[in-house]
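Given the coordinates of chain A, work out where chain B should sit on it, guided by the hints.
Residues per chain, in single letters:
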Amino acid sequence: MLAALAVIGVARFLQQRQDFENATARSYQVEIVARNRLAEGENPAAARTTISSQQSQRQFLRNDIDDETRDTALLVGAGLIAGLTGAALLFSGLIASMRRPLEDLVEASGRLASGDLETRVKVGGLSETAKLGAAFNEMAEELQRRAGERDQLDRMKDEFVLTASHELRSPLTSVQGFAELLMLEREMLTPKQGETLEVILDNTRHLVRLINDLLDLARSDAGRLTIRPVPTEVAGLVEEAARTMRAQVDARGQSLSLEVEPGLPEVEADPDRIRQVLVNLLTNANEYCQERASIRVTARRAGADVEIEVIDDGPGIPTEQLEHIFERFTRGNAGETQRVGGTGLGLAISTSLIELHGGTIEAESTLGVGSTFRFRLPGTARDRVGLS
Amino acid sequence: MARILVGDDSETILLLLRTRLEMEGHEVETAGDGQEVIDAVHRAIAPPDLLLLDAMMPRKSGIDALRELRGGGIEVPVLIVSAHTGAGDENGERAELGIAGYVAKPIDFEDLFAKIAELTG
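Sequence order for the protein chains is A and B.
Just add 27 to the spot in the first sequence (first one is 1) and you have our numbering.
Just add 11 to the spot in the second sequence (first one is 1) and you have our numbering.
So here's chain A without its partners, still in its complex pose (with noise of 0.2 Å):
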């Protein structure tokens, strides 16, 4: 309002001037005329009267003028302050009402993305930002759904994993059971039933491998595969691997070998996990080897870790195997040995182990003079000074 008033003052100003102007002119003519008449002598004192007259009246407008000119310049000064006041606080006034909303969405977008999908924002403000609440509220709401069926989904998946894999478990006792019974008669068989034998055992037991590989990484896959961590001598580990694994190495005339450093310290590890990698990684030594390859275990010390080697005088990995032999289903040439009977699973489950266990494990290999696994467990020690 101060603003219109600036410009009615201005032209009000504008129009003064132009009236000051034109009458100091006038005045400056009748002063000539005067002038004129006194020069030629013509009533002297009547001229001297105008002249002096026409002279204060200019200056009298002046002074007029100047004030006229000055109260305009405040009318105008006023009225820009005033304006640029207004137009800021009309401004400051907009920024508010559009920051709050953008904050909150801001905040709620942080929200949503590390996981609450339950984030929603208050919708309101001006008609943009309202339209954004509403917008985001929408999309968190589809979020959540999809959310929501895909954990539906991956529950279904795991209970299709379990029943699958319990309703297998059961049959498969049955068929493996009878089987060695049978075996336990051999010396009753013909050697062409014993074979036979042989090969319903051989297949019952990669059958019950492959079951439990695959249970141990659809829980893997849905973060439920666990471990039960007690403190846990290696040796004792590495024996029973071995143990384990014996008949096979003998079977194939492989010789293996175990060096556990004296004095080791305890591993914080689950027993039964630990032994599966060690039996996975025997497993692969002993099927990719050639017959009577040796195969040595190793544990020592490496600071407060004990480092675990499974070296063998295989024949080696290709260097763009070796680079993804720890993913799934990567599984090594078996070369003319068609017996190799892993899962490709057997090392990705091993890797998830070691990591569960807050260990590493990596491969070496150079074609022709074999391969070495090697893994590293947290000692009991460090663990100690981790929680101090």
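Each statement offered as a hint is correct.
In silico contact screen, one side only, chain A against chain B (beta carbon under 8 Å); selected entries:
#	residue
1	H193
2	R196
3	S197
4	L199
5	T200
6	S201
7	Q203
8	G204
9	F205
10	E207
11	L208
12	V235
Derived DEER-like restraints, expressed as beta-carbon distance ranges:
#	chain 1	residue 1	chain 2	residue 2	range
13	B	E79	A	S136	52 to 60 Å
14	B	L26	A	D143	54 to 62 Å
15	B	E104	A	K219	42 to 50 Å
Please keep in mind that the hints were generated in silico from the structure rather than gathered at the bench.
Here a beta-carbon is modelled for each residue, glycine too, at the ideal position from N, C-alpha and C.
What follows is chain B alone, placed relative to chain A:
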């Protein structure tokens, strides 16, 4: 040798267990579900030396049967046969029910015989 009561809902597995255990010289009685296990324990003049129970059986599971027997003051050692790997004790019942050990399916008989010898020797 030991007197063992085996509970499993599969006829073939009962036959397998009975055959292998009898070959080892044990005396075997069988039951088809948890209720039959309880009945067999109460029917016997003296309780068996060992219970070998399948964790999952229709009508009454091995775990439920064991809970009832423990509630009735039956103190015999128990091995639970489970079709799940990484066997057992998912619900912390091992300590609660005094379970001596778990046997995974398919059964490693050498391991089972060793456990039985340890518990009844």
